[in-house]
Amino acid sequence: DAGVIQSPRHEVTEMGQEVTLRCKPISGHDYLFWYRQTMMRGLELLIYFNNNVPIDDSGMPEDRFSAKMPNASFSTLKIQPSEPRDSAVYFCASSLRHLQETQYFGPGTRLLVL
Amino acid sequence: DQQVKQNSPSLSVQEGRISILNCDYTNSMFDYFLWYKKYPAEGPTFLISISSIKDKNEDGRFTVFLNKSAKHLSLHIVPSQPGDSAVYFCAASARTPLVFGKGTRLSVIA
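The listed protein sequences correspond, in order, to chains A and B.
Terminal number for the first sequence in the numbering used here: 118, no gaps in between.
Terminal number for the second sequence in the numbering used here: 206, no gaps in between.
There may be inaccurate statements among the hints.
[Said to hold, decoys possible] Residues of chain B clear of chain A, computed beta-carbon distances all greater than 10 Å:
#1 S104
#2 V109
#3 S124
#4 D155
#5 N163
#6 A166
#7 S170
#8 H172
#9 G179
#10 S189
#11 T192
[To be verified] Partial list, derived from the structure: chain B residues whose beta carbon lies under 8 Å from chain A:
#12 E138
#13 G139
#14 F142
#15 K152
#16 P193
Just so you know, these hints were derived from the structure itself, not from any lab.
For clarity, every value in this text was computed on a predicted model and none was experimentally measured.
In this text, a Cβ means the ideal position worked out from N, Cα and C, and glycines have one as well.
Whenever a hint applies, use it, and build me the whole structure from the sequences.
Written out as structure tokens, the structure is:
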């Protein structure tokens, strides 16, 4: 298996622009997670899905952030409008059947908002 | 409030010696703990885990110890190798999504 795939790997944009991050989880995995990593806050869980259904989005910082999972093999995290404080590395991860199972992370998207 | 704390942002160890990375937690409901390793420009990768019914789990050079009364776990790497240089994240779960610490950067010096 190719593992969790994320695109783009790097994104540089200007404040106010829309940013869309993409994730393809490992085939057959029921859970998908979106994380944000910053120096100050470490790895924060933003939202997670179970069988394509959003279960907990309490980590999403503001209404500017939204996430979708239209099918089992694709998810997006959208920021609109983007702000400089959104600059971070965003990771997608997936796990097989349970919340406590090992999560497999993608390589991340490094976002810089100017 | 941080439920999982890694109080040492960085650690340097000589090659061949033991590396000990520490993690403290506050939620007594946590019953499953994991360590992840992260290299630059890559996502975290699973290293080793331990259930709360155990106090030790070993996998090759890596051993995780759990002290439930102290709400403390540690990762021992013996012997340390230059390829172990990475950021190590502690994570915990109470049948909930994983809660991560902020990580400890380990540098193994040849």
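**Request:** Over 10 Å to the closest beta carbon of chain A is the bar; see if B:S124 clears it.
**Result:** With a cut-off of 10 Å, B:S124 remains clear of chain A, as the shortest Cβ separation is near 16 Å.
**10 Å Cβ clearance of B:G179 from chain A** = Non-interface label on B:G179 holds, nearest chain A Cβ at 19 Å vs cutoff 10 Å.
**Message:** A cut-off of 10 Å on Cβ-Cβ distance, and B:S189 was said to be off the interface with chain A. Does that hold?
**Reply:** Per Cβ check, B:S189 is inside 10 Å of chain A; nearest 5 Å; violated.
**Asked** Is B:T192 truly not at the interface, in the sense that its beta carbon sits beyond 10 Å from all beta carbons of chain A?
**Response** 6 Å, violated
**Message:** According to the definition I'm using, a residue is off the interface if its beta carbon is farther than 10 Å from all beta carbons of the partner; does B:S170 meet that for chain A?
**Reply:** 19 Å, holds
**Prompt:** Does B:N163 sit more than 10 Å from chain A, CB to CB?
**Reply:** For B:N163, whose nearest Cβ neighbour in chain A is about 20 Å away, the distance exceeds 10 Å, so it holds.
**No chain A beta carbon within 10 Å of B:V109's** = Given that every Cβ of chain A is farther than 10 Å from that of B:V109, nearest at about 22 Å, it holds.
**Cut-off 8 Å, beta-carbon criterion: hint that B:E138 touches chain A** = 6 Å, holds
**Prompt:** Would the stated hint for B:G139 survive a check requiring a Cβ distance to chain A of less than 8 Å?
**Reply:** 3 Å, holds
**Message:** Less than 8 Å between beta-carbons is the criterion; does B:F142 satisfy it with respect to chain A?
**Reply:** At 5 Å from the nearest chain A Cβ, B:F142 passes the 8 Å test, so the hint holds.
**Asked** B:H172 clear of chain A by more than 10 Å, beta carbon to beta carbon?
**Response** 20 Å, holds
**Asked** Once the closest CB in chain A is found, is it more than 10 Å from B:D155?
**Response** 13 Å, holds
Taken one by one, the earlier hints fail for this structure at numbers 10, 11, 15, listed in ascending order.
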